[in-house]
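If you read the protein sequences in the order shown, they are chains W and E. Per our numbering, the very first residue in the first sequence carries number 1; after that it's consecutive. Per our numbering, the very first residue in the second sequence carries number 1001; after that it's consecutive.
Simulated from the structure, these hints should not be mistaken for laboratory data. Where hints are given, some of them may not hold.
Computed list of lysine-lysine pairs in BS3-like fashion (alpha-carbon distance at most 30 Å, straight line) [what the hints assert, rightly or not]:
#1 K178/W - K1267/E
#2 K1180/E - K1015/E
#3 K1258/E - K178/W
#4 K1180/E - K178/W
#5 K1175/E - K178/W
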Amino acid sequence: MTLQPPCTIPATIVGFVGDFDGAFFVLTALAYAAASILYILRLMQGEEGAGRFARRTLIAALCAHALYLVSDQLAATITMPGIHRTLTYLSLGVVVVFLLATFRRPTIGVLGAFLAPTTLVFFLGSGLGRSVAEVPPGVRSALLPIHVSVNLLGIVSFALAFAAAVAYVMQERMLRRKQLGGIFQRLPPLDVLDGFGFRFVRIGFPLLTLGIVTGAFWTLRLGQGAETLSATHLFAIVAWVIFAAVLTLRVAAGWRGYRAAIGTILGFLSSTAVLAGYLLRGAL
Amino acid sequence: MSELVAIGVNHRTAKLDLRERLAVDGPALAELLHEWRGTVREAVVLSTCNRVELYGVTSDPRRVYQEASRILEKRAGADVNQALYLHVAKNAALHTFRVASSLDSLAVGEPQVLGQLKQAFRFAQDEGCVGALTDRWMTRAFRAAKRVRSETDIAKGAVSVSSIGATLASKIFGKLAGRKALLIGAGEIGEAAAKSLYEGGAALTVVNRSEEKAQKLAQRFSGRGAGFDALFSELATADVVIATTASDRPILGVDQMKNVMRARRHKPLFLIDLAVPRDIDPRVGKFNNVFLYDVDDLEQIAEENLAQRRLAVEAAEKIIKQEVEDFEAWRRNLSLTPTIVGLRDHFHGVFESEVKRLSKAGAPSPEAEVLLKRLQHSVINKLLNTPLNVLKEDDSGNMVAAAQRLFPLAAAAENATATNCVSNSCPTSPCFDCPNVGRSGE
Chain W
1 MTLQPPCTIP
11 ATIVGFVGDF
21 DGAFFVLTAL
31 AYAAASILYI
41 LRLMQGEEGA
51 GRFARRTLIA
61 ALCAHALYLV
71 SDQLAATITM
81 PGIHRTLTYL
91 SLGVVVVFLL
101 ATFRRPTIGV
111 LGAFLAPTTL
121 VFFLGSGLGR
131 SVAEVPPGVR
141 SALLPIHVSV
151 NLLGIVSFAL
161 AFAAAVAYVM
171 QERMLRRKQL
181 GGIFQRLPPL
191 DVLDGFGFRF
201 VRIGFPLLTL
211 GIVTGAFWTL
221 RLGQGAETLS
231 ATHLFAIVAW
241 VIFAAVLTLR
251 VAAGWRGYRA
261 AIGTILGFLS
271 STAVLAGYLL
281 RGAL
Chain E
1001 MSELVAIGVN
1011 HRTAKLDLRE
1021 RLAVDGPALA
1031 ELLHEWRGTV
1041 REAVVLSTCN
1051 RVELYGVTSD
1061 PRRVYQEASR
1071 ILEKRAGADV
1081 NQALYLHVAK
1091 NAALHTFRVA
1101 SSLDSLAVGE
1111 PQVLGQLKQA
1121 FRFAQDEGCV
1131 GALTDRWMTR
1141 AFRAAKRVRS
1151 ETDIAKGAVS
1161 VSSIGATLAS
1171 KIFGKLAGRK
1181 ALLIGAGEIG
1191 EAAAKSLYEG
1201 GAALTVVNRS
1211 EEKAQKLAQR
1221 FSGRGAGFDA
1231 LFSELATADV
1241 VIATTASDRP
1251 ILGVDQMKNV
1261 MRARRHKPLF
1271 LIDLAVPRDI
1281 DPRVGKFNNV
1291 FLYDVDDLEQ
1301 IAEENLAQRR
1311 LAVEAAEKII
1321 KQEVEDFEAW
1331 RRNLSLTPTI
1341 VGLRDHFHGV
1351 FESEVKRLSK
1361 AGAPSPEAEV
1371 LLKRLQHSVI
1381 NKLLNTPLNV
1391 LKEDDSGNMV
1401 AAAQRLFPLA
1411 AAAENATATN
1421 CVSNSCPTSP
1431 CFDCPNVGRS
1441 GE
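So here's chain W without its partners, still in its complex pose:
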């Protein structure tokens, strides 16, 4: 099934822009890689070195990404959101939310050292998923876009919580070992990281819950039972259980700080394992 471009866009333009699809992908990947390196340099050396260009490079990567999405849309051969498209939007969403968050709280800008590489991995993953087949007609449903969207937004939230959690673990280890050098000075205070991570877990958890519920409902509608549960589904449930534990134990038993950060990291890894599972299976 071929995407019919809107009639207002001449076919020649569609073809021309679509031809750049691959070039924009490479350009975006390179820009994300450069932003990752610059953010890591910024964390290690501070604002004095090349790291001061990190944010601008990430914004440039975002622009390249937008161009890539336009060209990809025009050149697309699938109409339903496949894993390729999901990962592309996921990486875009992480960058947009991160940049918006840094506007409100500039001190968390150093988290780019963890988020930019995460974005790069998602984006490269979307390249791996480009060869997958279109979504089989049997699994198409009105629930599919809702299921994909809420999961996507949930993982965007968890990605930000993950970056804060990694920074928290680093900062906590350095404080315990009395290693109070440059990286320690550049990372935000522990309380800020803990609060930032908790906020995004709190946002992501209901979205993940909704994603799992819609996914289960959809599976049942397709007439598939518990016997069809795959490792992918199991990872989704594991991620949900971990995040539920992180939130519940925080409220009920005061679990915060290091333990909450470790839980957030494990939860995020489980949720990305779901995406990896889809990528390996070839289609949603």
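Take the given structure of chain W and dock chain E to it, following the hints.
For chain E alone, kept in the frame of chain W given last:
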């Protein structure tokens, strides 16, 4: 020629006893400033716990040094000559720039001295003791200090145990405002650390065996005092704890801290153990969300930070040297102003008297007069272009002397200076330091 002088004593040349006698504040500072102002043309007095320095502008540094010595001796009631130093001209600028940048401080890189110098300068300004030269001198010193702080690591990392405690607390909790600090023991040891936390915005509670003593100390920081029986409940709500008791065994053991952490629902707790022997069992530091630093840890951090600052000193000295050179170049141009004004006036005078003499034969038409004026400016500018450039480039002052000998400049320069000083409302009239002197002549 007006020279800058910086005369004083500091922590290296004078013992605390003498510095204490010389230190002035409030009305005594105003009195010292005006007494000093009676000796020099422009005056600023800096008085901190580590230094008392008199800055001024004079044409006779040696006499001024003797006067300063007499003034300070009278104030101290003791001989100050052994401790007194004098910096003149470029060295005075260099010294002031180093003081402002905290390179001359006991704790290199500490930020207070810059604020103190700014305050001293503003005070002298308000008292009408600052002229154009001192204004520029101090402003450039502040600029140099700002550059040193922003372009080097001189100010990075706290170097006193008390400020390290506050810095680490802010790396755990972010802003200290609204946080609770608990001081266990009302001795002097923890007071400085408690003060740093209080200044950061934390609310202070003092717990001590003697409740009365605790309350007395707490009042100084607008805090609360309590007896030792309140220790557990205070620990359950505190964010930062400073332990400083003279107990010969730990007052906070593993079991107590387990209960405390349970009661506070594992909220992060920063413990600073300044007591020797220690007040807190070191195993407590392994607890989740508990960060324990003892006096050795803090002193080691202080030493590392100090070593890092020493590395930054070299870069800071380069900046200071550059800034002093810039300031000296400005001063050189300033000292040339009377000569430049004199040369211009002399040439214009000659031209005008020749035109006047020729006019006796027949007055020129208005058009010819305009042309003559244009010719006068154009010819004189061309004639003076090379000599003025040579004057500006000459560091030795020989060229200025030669110009003053070759042309009758003294009277013209004096007139020019006096006129400009009045127009500038300079408090030190007549002077050669007014930056506006050169402008009307150009």
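Quick rundown of the hints versus the structure:
1. K178/W - K1267/E: 20 Å, holds
2. K1180/E - K1015/E: 38 Å, violated
3. K1258/E - K178/W: 23 Å, holds
4. K1180/E - K178/W: 23 Å, holds
5. K1175/E - K178/W: Given pair K1175/E, K178/W holds - Cα atoms ~21 Å apart, limit 30 Å.
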